[in-house]
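S.K.: Given these sequences and hints, build the entire structure.
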Amino acid sequence: MIKIISLGNTLRGDDGIGPAVLQELAKTDTGEKFKLIDAGSDAFILLDHLTQTDPILLIDCARMGKNPGEIAVFSVEKSNIATVSKAIAIHGFSFAEIYKMAAALGKTAPCIIIGVEPKIITFNKPLSNEVRNSIPHIINYIIGEANSYAA
Amino acid sequence: MGRDLNINVHHITRVEGHGNIVVDMKNGVLQKAQLDIVEAPRFFEAMLKGRNFQEAAIITSRICGICSLGHQMTSLKATEAALGLEVSDQTVMLRKLLVHGATFQSNVLHALFLAAPDFLKVGSVFPLVNTHKDVVLAALRLKRLANDVGDVISGRAVHPISIVPGGFTMLPSEKDIAALKEKFIKQAIPDVEFILEVLISLAGEIPVFERETEYISIYSEEEYGLYDGKICSSDAGLFPVEDYLNVTNEFVVPHSSSKHAKFNRTSYMVGALARFNNSYALLSPMAKKAAEKIGLKAPNYNPYMNTVAQVVEVVHCIEDSVRLFDILLDKGIKNEKPNQEPTRYGRGIAATEVPRGILFHDYTYNRQGNIVAANCIIPTGQNLANIDDDMKKLVPEVIDEEKEDITMKLEMLVRAYDPCISCSVHLLDVEFVE
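Here the protein sequences line up with chains A and B, keeping their order. Position 8 (the first sequence) corresponds to 8 in the numbering used here; numbering is contiguous. Position 9 (the second sequence) corresponds to 9 in the numbering used here; numbering is contiguous.
Treat the hints as calculated values from the structure; they're not laboratory data. C-beta: ideal position from N, C-alpha, C; glycine also. Worth double-checking, as some hints may not be accurate.
Output of the computed footprint for chain B on chain A, the stretches with three or more beta carbons under 8 Å from beta carbons of chain B [stated by the list, open to error]:
hint: 1; region: 46-53
hint: 2; region: 100-113
Some residues of chain A that are not near chain B, with every Cβ distance over 10 Å (derived) [said to hold, decoys possible]:
hint: 3; residue: 22
hint: 4; residue: 66
hint: 5; residue: 73
M.R.: Next up, the structure:
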């Protein structure tokens, strides 16, 4: 089963893209193909899942130098971990630290990150239109991945 | 000529929230030794005003992501007290399981990821992944199991969903309870025994320091006080929870955005060591053996041993959870609906032990079932004066050591309390003069 893990804070504008995608996914009827996990900003939840075997699709807003709402999908490898880590924010630890810790503890789960370029991440703001419009594309991608995995 | 010493640890690491250690000694005379709290107030009590009784626990669980269950539980109990809502024995047992899960998860994480690096002379948990991999894995397994308890019983590990005033909106199945019991017996007990052995091997690294203080915790005649009971002071005995304001006596200090508290002395301690000192006789058999093995006897006056008391409590929570699973499986899970028919509208006060100590929630409801007044007193805030008093005794005792070593001992002291600083700063009454 694929785990769809969202990072982010729903109170901070486009930082809430992860939880927003999970909310929409929860409405779809995809059987038992994936498990939805809202990790908030908790590094240890992420660490816990990285040390297991089920593949992970991680959704977060990520500053990649793209236009707001643009999506990038990339596999996490040791070679690109520094680049990934700069884009992903977790409270208290960097993604690189968490990933390295998981790797040191044993084999890490395959992990793909779906990053969405934010427009605004200040408190008390909703998702921007640009980021909100990316949700259907993200969901299509996730369902495609879940179907491929299940096949 | 006495020593001059100036220590300023800006934002101590490996604690939740932001606090600064400040020590100033001139000519051998201690001018200042304190923990400055620099977090902003959270305003949760203000947010609760006007909110319906269905919402209070959902809001207050957001005070913290670490102790969300504790806030939610205490909030529910305060609401139930205010509205005259009785809960069933099954509800109480399920809640106790949740409290056990939250306690052992938090205690494991603090002991191994936040405090243990000091005992092993490393800066964080990350080096331990290479040197103590099995311990880190055991800690992660226990955390995962505690999350499973939250998922199964309350619908979600952080910010639980199905615990509401009067009961549960959804109940676990007996199959789920049996599966949890099996994991506890086959995995949790071996893991905690292993962790205990590791802690015993590190016992020599725990600083030797004593300052007798007043210890305050929940006390129950029937069991180790976590979910419910009276307020117990090691100095003054038992008090009803409704008397909490006479016990806590919060006051403002210039160096802290969180209030301090005191009762029969200039400060008191809450948390695992306070619970251990007050309720040792009610620990589970395995936990008592663990305490004996590691050399922890009640009463213990070394605040650094709070971390050890936490690990003893992990043993207790796991063993007692198995007892509760057995009772639930024996009785069967009854399909009960939450009792949400108020029989009164008024003031309700509740206390629960969260991992860091005794937590109070106090709500007053109007006849529409909306909150008109609220107060929350958080354990970390209650510990702050005690931390300052500990520092004032500790610094002169170690003054001949190197500055780096004194600084480390001070940091370890603060960490030993496992402070949750963000939780502790709540509303200050501010009068604007225009």
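S.K.: For every hint, state whether the structure bears it out.
M.R.: Hints versus structure:
no.	hint	result
1	46-53	holds (count 3)
2	100-113	holds (count 5)
3	22	12 Å, holds
4	66	30 Å, holds
5	73	27 Å, holds
Consistency with the previously given hints is maintained throughout, with no hint failing.
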